[in-house]
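Each chain, written out:
Number of protein chains: 2
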Amino acid sequence: MFSYGRRMARTQGSHSGITGPKIREAALRLFAQQGYAAVSMRQIAKEVGVQAGALYNYTPDKQSLLFSLMKSHMTELLAAWDAVPPAAGAMERMRAFTGFHIRFHLERPDAVFIAYMELRNLTDENFAVIETLRRDYENGVEGILKQGVEQGVFRIPDTKIATLAVIAMLNGVNTWYRSEGRLTLNEVERVYWEMVQKAVSA
Amino acid sequence: MFSYGRRMARTQGSHSGITGPKIREAALRLFAQQGYAAVSMRQIAKEVGVQAGALYNYTPDKQSLLFSLMKSHMTELLAAWDAVPPAAGAMERMRAFTGFHIRFHLERPDAVFIAYMELRNLTDENFAVIETLRRDYENGVEGILKQGVEQGVFRIPDTKIATLAVIAMLNGVNTWYRSEGRLTLNEVERVYWEMVQKAVSA
DNA sequence: GTCTATACCAAGATAGAC
DNA sequence: GTCTATCTTGGTATAGAC
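In order, the protein sequences belong to chains A and B. The first sequence begins at 1 in my numbering and counts up by one. The second sequence begins at 1 in my numbering and counts up by one.
Simulated from the structure, these hints should not be mistaken for lab results. Quick caveat, the model's predicted, so the values are computed rather than measured. Note that CB positions come from ideal geometry on N, CA and C, so glycine has one too. Since no wrong hints were added, every one of them can be taken at face value.
Among the chain A residues that face chain B by a calculated CB cut under 8 Å, a handful are: (1) G35; (2) A37; (3) A38; (4) M117; (5) N121; (6) A165; (7) G172; (8) E194; (9) K198; (10) A199; (11) S201.
Just the calculated beta-carbon pair ranges, DEER-fashion: (12) A:Y116 <-> B:E187: 24 to 32 Å; (13) B:A87 <-> A:T184: 34 to 42 Å; (14) A:I18 <-> B:W176: 34 to 42 Å; (15) B:E187 <-> A:G53: 51 to 59 Å; (16) A:E47 <-> B:S72: 33 to 41 Å; (17) B:G17 <-> A:Q33: 40 to 48 Å; (18) A:P86 <-> B:A87: 39 to 47 Å; (19) B:D136 <-> A:I18: 42 to 50 Å.
Work the whole structure out from these sequences, hints included.
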């Protein structure tokens with residue numbers, strides 16, 4: 001039996017250079033499907049095609065991986081909303097928000113699911129960071145509602161509650177929408193905007 | 001050193017006769033706080049004040065415990081809504097539903113949290129049972145909306161979506177309401193009813 | 001009905017070779 | 001950068017004594 005030396009039967013990993021992103025993708029999907037606590041590092045490694053030990057070249061521990069995924073999601077959300085050109089009136093701004101929120105969240109159901117479901121699995125320190133980002137987003141929405149009340153186009157007894165109510169309602173889309181389903185994305189947007197608009201209007 | 005015999009230093013358990021309910025209460029609280037997968041049988045036992053092995057006198061396994069808690073919650077929800085005297089008109093029925101849903105859910109935040117968050121930790125068989133119960137509840141709400149559309153008091157492009165949107169909005173109350181907070185339960189009910197009413201009205 | 005003890009397995013994380 | 005091997009801890013569930 002001869003040998004090609006160390007080049008043969010190479011089991012030392014692919015060194016592909018994209019292991020980092022692949023780990024994040026696999027973790028995102030698995031955490032969303034089964035929950036953070038139910039997913040093992042070995043399972044993530046298997047999905048990526050490496051051994052469990054190799055994961056620790058990319059994350060110091062499992063908690064940091066979860067936190068990083070959640071933080072990325074929240075900062076992307078804020079950046080994307082910031083990038084939407086602001087309309088003048090509150091009504092039009094609210095309409096833009098409704099459409100933006102639905103589309104952004106439907107495009108990344110796994111990240112959204114994790115961002116809401118795994119808050120309790122964050123350390124206190126990490127939780128505080130995510131909470132601040134979430135609050136920033138909510139404050140942006142409340143600003144629109146307040147503007148609308150001042151302009152007299154909205155009638156809202158409590159803008160903070162209305163903010164949370166609208167966001168909760170829109171988040172519900174992710175639980176039932178399927179792209180092959182009965183309604184197109186535009187129709188979904190229209191139906192929800194009608195409800196939101198009526199709910200907040202004067 | 002003398003001894004009182006086997007009556008002394010009794011470590012053989014309390015035999016209190018209420019261990020069963022205590023296990024369910026502890027499991028409900030812990031599952032809600034930390035998630036089903038993150039809670040161990042040892043932890044539940046510790047809360048109850050027994051050893052882990054003793055739990056298996058009350059449940060065949062951890063999965064059955066989760067399922068039993070979720071099923072109890074859903075059947076209680078359906079029974080409680082059935083017990084509400086039905087009003088004549090759709091508008092009044094919807095108002096009764098809004099108040100009922102908010103109050104029922106605020107009274108059992110842990111059970112509600114579990115019912116929504118732990119669906120993915122049920123076996124396929126158990127999941128199907130819970131889903132059917134949830135569907136029954138939703139169909140009751142959709143019935144009201146359909147009646148309102150027929151009577152001309154509601155204008156709703158899609159009663160199924162509106163049902164899910166209303167429920168999602170109302171469920172949001174559980175994420176922020178605190179009894180010591182700024183608003184009384186009656187005020188919360190009023191604020192949400194105003195939004196729901198406007199959202200579905202013609 | 002509960003205890004103690006344990007079988008059995010899988011988890012997160014690390015060490016050192018390559 | 002990844003592998004293999006392993007340390008340590010803690011999980012579910014069961015057996016048999018009391």
